[in-house]
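Work the whole structure out from these sequences, hints included.
Be aware that the sequence shown starts at 7, since it is given in the working numbering, and climbs by one per residue.
The hints are simulated quantities; they were obtained by calculation from the structure and are not laboratory data.
It cannot be assumed that every hint is accurate.
[What the hints assert, rightly or not] Label pairs and their calculated CB-CB ranges:
hint, residue 1, residue 2, range
1, ALA406, LEU244, 24 to 32 Å
2, PRO239, GLN14, 52 to 60 Å
3, SER11, LEU36, 30 to 38 Å
4, LYS281, GLY233, 34 to 42 Å
Keep in mind it's a predicted model, so treat the numbers as computed, not measured.
Every residue gets a Cβ at the ideal spot worked out from N, C-alpha and C, and that includes glycine.
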Amino acid sequence: MEYRSMDQAQLTAEYEAVSRRFEELKGKGLKLDMSRGKPGKEQLDLVSDMLTVLSKPEDCVVDGFDVRNYGELTGLPCAKAYFAEILGCRPEECFIGGNASLTLMYDTIAKAYTHGLLHSEKPWSKLDTVKFLCPSPGYDRHFNVTKSFGMELITIPMTADGPDMDAVEEAVKDPAVKGIWCVPKYSNPEGVIYSAETIRRFANLKPAAPDFVIMWDNAYCIHEFEGEYVPFPDIISLCRESGNPDMVFEFASTSKVTFPGAGVSVMASSVDNIKYMVSLMTYQSISYDKVNQLRHVRYLKDKAHTLALMKKHAAILGPKFRAVLDALDKEIAPLGIASWKRPTGGYFVSLDTEDGLAKRTLALCKEAGVVMTGAGATFPNSIDPRDRNIRIAPSLPPVAELEAAIDVFCVCLRLAALEKLLGKN
Numbered sequence: 007m008e009y010r011s012m013d014q015a016q017l018t019a020e021y022e023a024v025s026r027r028f029e030e031l032k033g034k035g036l037k038l039d040m041s042r043g044k045p046g047k048e049q050l051d052l053v054s055d056m057l058t059v060l061s062k063p064e065d066c067v068v069d070g071f072d073v074r075n076y077g078e079l080t081g082l083p084c085a086k087a088y089f090a091e092i093l094g095c096r097p098e099e100c101f102i103g104g105n106a107s108l109t110l111m112y113d114t115i116a117k118a119y120t121h122g123l124l125h126s127e128k129p130w131s132k133l134d135t136v137k138f139l140c141p142s143p144g145y146d147r148h149f150n151v152t153k154s155f156g157m158e159l160i161t162i163p164m165t166a167d168g169p170d171m172d173a174v175e176e177a178v179k180d181p182a183v184k185g186i187w188c189v190p191k192y193s194n195p196e197g198v199i200y201s202a203e204t205i206r207r208f209a210n211l212k213p214a215a216p217d218f219v220i221m222w223d224n225a226y227c228i229h230e231f232e233g234e235y236v237p238f239p240d241i242i243s244l245c246r247e248s249g250n251p252d253m254v255f256e257f258a259s260t261s262k263v264t265f266p267g268a269g270v271s272v273m274a275s276s277v278d279n280i281k282y283m284v285s286l287m288t289y290q291s292i293s294y295d296k297v298n299q300l301r302h303v304r305y306l307k308d309k310a311h312t313l314a315l316m317k318k319h320a321a322i323l324g325p326k327f328r329a330v331l332d333a334l335d336k337e338i339a340p341l342g343i344a345s346w347k348r349p350t351g352g353y354f355v356s357l358d359t360e361d362g363l364a365k366r367t368l369a370l371c372k373e374a375g376v377v378m379t380g381a382g383a384t385f386p387n388s389i390d391p392r393d394r395n396i397r398i399a400p401s402l403p404p405v406a407e408l409e410a411a412i413d414v415f416c417v418c419l420r421l422a423a424l425e426k427l428l429g430k431n
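What follows is the structure, given as structure tokens:
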């Protein structure tokens, strides 16, 4: 029965029952973590044999080059070819980085700030105002990168097809708007796959700023946990065909394919963009870890082999997401106090409570021993105007711990909703 259909006596009885359950859970002294989208131990164990791929000195030579030595700032040719096949772009459009694509994203924004991008009239630090578009709910680390450089963050609503493109096309008429963050496949946290029409409109944008940049974080491009692999358009070729060859920087990594702490990342863009960025990086680094690049190429081999590996990841992740969604369906859906997305890939479940319940729900979770991503984190400046979005990250805990954690979450959400209805908060 929906809470809003209950009379005062029914609400009071329900509040007392849920409060007792909450106190029972507090008494268990739980310490459970659903705060970040980290692979679980079972996933890490799945790929640990990668550590022995390069076991002899001669294994470290590829195309006549000893990867243990200096050189090859842009990355090994075999690593470029591997990521080009994954993303659908060309090897010469790839720059291979270290273990985190976030580092490459930060560095791109930092270079824009200190030096400007390829088509910048001046470094962004010399401008009076720099604005950046933030599709929301979205990824807090993206927003905080641009915030850390003093940029003004502009919220763009998310839809079932991706960012609201009417809002994007209107916003880019302002020359102070210099870019937009995008997670185009299984978006963080909503699990949305951008539609073909949304991607076409991105490729055909006509921003007032000549150095406007689409930061295309394709973090979950091969990360299905239900169903078959979903092919995805190559944004770089689409931008080139639309007359915007230098407008997009695409990023990806193996962080949730192999080891988050020891993966390989890629930045893909036009040949001219890569050449320009390399000219700025020349004094920054001799090269990234080519031993790890070769280890990954030898282990992952190609796209087909990698997708087969991702099926094994899916067999681990699928039951975890189903445990969360089944609990929400059973415990929350009949009450009418929240709605949620049902993703088939990525690393998160995005849930919207009734307005004004997210902070209180998460505070109660913390009190009961369950740590989750902070309320508001999925919006610029950590301000959710409706205080309703909660990002659930099911990947790290074992299923048994996850079931315990989502049980706590459901009780806390129910209690927060009842407190509001009874005027107790």
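Structure-based check of each hint:
no. : hint                        : in the structure
1   : ALA406 x LEU244: 24 to 32 Å : violated (45 Å)
2   : PRO239 x GLN14: 52 to 60 Å  : holds (54 Å)
3   : SER11 x LEU36: 30 to 38 Å   : holds (32 Å)
4   : LYS281 x GLY233: 34 to 42 Å : holds (39 Å)
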